[in-house]
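Chain by chain, the residues:
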Amino acid sequence: DAGVIQSPRHEVTEMGQEVTLRCKPISGHNSLFWYRQTMMRGLELLIYFNNNVPIDDSGMPEDRFSAKMPNASFSTLKIQPSEPRDSAVYFCASSLLQGALGELFFGEGSRLTVL
Amino acid sequence: AQSVTQLDSHVSVSEGTPVLLRCNYSSSYSPSLFWYVQHPNKGLQLLLKYTSAATLVKGINGFEAEFKKSETSFHLTKPSAHMSDAAEYFCVVSPNQAGTALIFGKGTTLSVSS
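Just so you know, the sequences run in chain order A and F. Take the first sequence: its letter number 43 is residue 43 in the numbering used here, and every next letter is one higher. Take the second sequence: its letter number 109 is residue 109 in the numbering used here, and every next letter is one higher.
One should not assume that every hint holds.
Straight line, CA to CA, 25 angstroms or less: simulated DSS-like cross-link-like pairs of lysine-lysine [unchecked claim]:
1. K24/A to K42/F
2. K49/F to K68/F
3. K58/F to K78/F
4. K69/F to K42/F
5. K78/F to K49/F
6. K78/F to K78/A
None of these hints come from the bench; they were simulated from the model. In this text the structure is predicted, and so the values were computed from the model without any measurement.
Taking the hints into account, I'd like the entire structure generated from these sequences.
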């Protein structure tokens, strides 16, 4: 298996631009998670899906952030408009079991820099 | 409520000496516990997990952890550090409830000097 695949690996954009991060979970996994990692705040859960349905989005910072999972093999995290404080590494992870019940498999992350 | 506390933000050891990374947890339910490792510019990788079987859990790369319910601890150890062990380590608790997510500690950076 190819593991969790994220794209782009690196993104540099200017404040106010729209950013879309993509994730392909491991085939057969039915839970998908988006995390954000910064030096200041560490690893933060933004949102997670079970069977393509958002279960907990309480970690989404504000309305500028949105996430979708149109099918079992694809998810997006969108930031519009982006701000410098959104600069971080964004990780996608998937799990075979629902929510907290299973081991998470992480992608290698998307490093976002907003100028 | 569930929580996890990693007692050291940074641990430095010399190559060949033992490693101890400390973790305490709080959980209202019988938890599952994990240690993840993150090497620079990489995603997190599972090191080992405890799921109510043997209290001493062996993981990859010679690491092991012992679940101590009386102390609510799940410390990570390795008898002899290697340079390649330098990384960030996360202790994670799962409340084992559907509809909830894993709870990550803030991480411990392990430095290994030659």
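Here is what the structure says about each hint:
Straight-line distance between C-alpha atoms of K24/A and K42/F comes to about 17 angstroms, which keeps the hinted pair within the 25 angstroms bound. A threshold of 25 angstroms between alpha carbons decides the hint, and for K49/F with K68/F the separation of about 14 angstroms falls inside it, so the pair holds. Pair hint K58/F plus K78/F holds up; C-alpha atoms about 10 angstroms apart against a cutoff of 25 angstroms. Taking the CA atoms of K69/F and K42/F, the gap is near 32 angstroms; set against the 25 angstroms cutoff, the hint is violated.
Annotation: proposed proximity of K78/F to K49/F holds, straight-line Cα distance about 15 angstroms (limit 25 angstroms). Proposed proximity of K78/F and K78/A is contradicted: the alpha carbons are some 41 angstroms apart, above 25 angstroms.
Violated hints, in rising order: 4, 6; the structure is consistent with all others.
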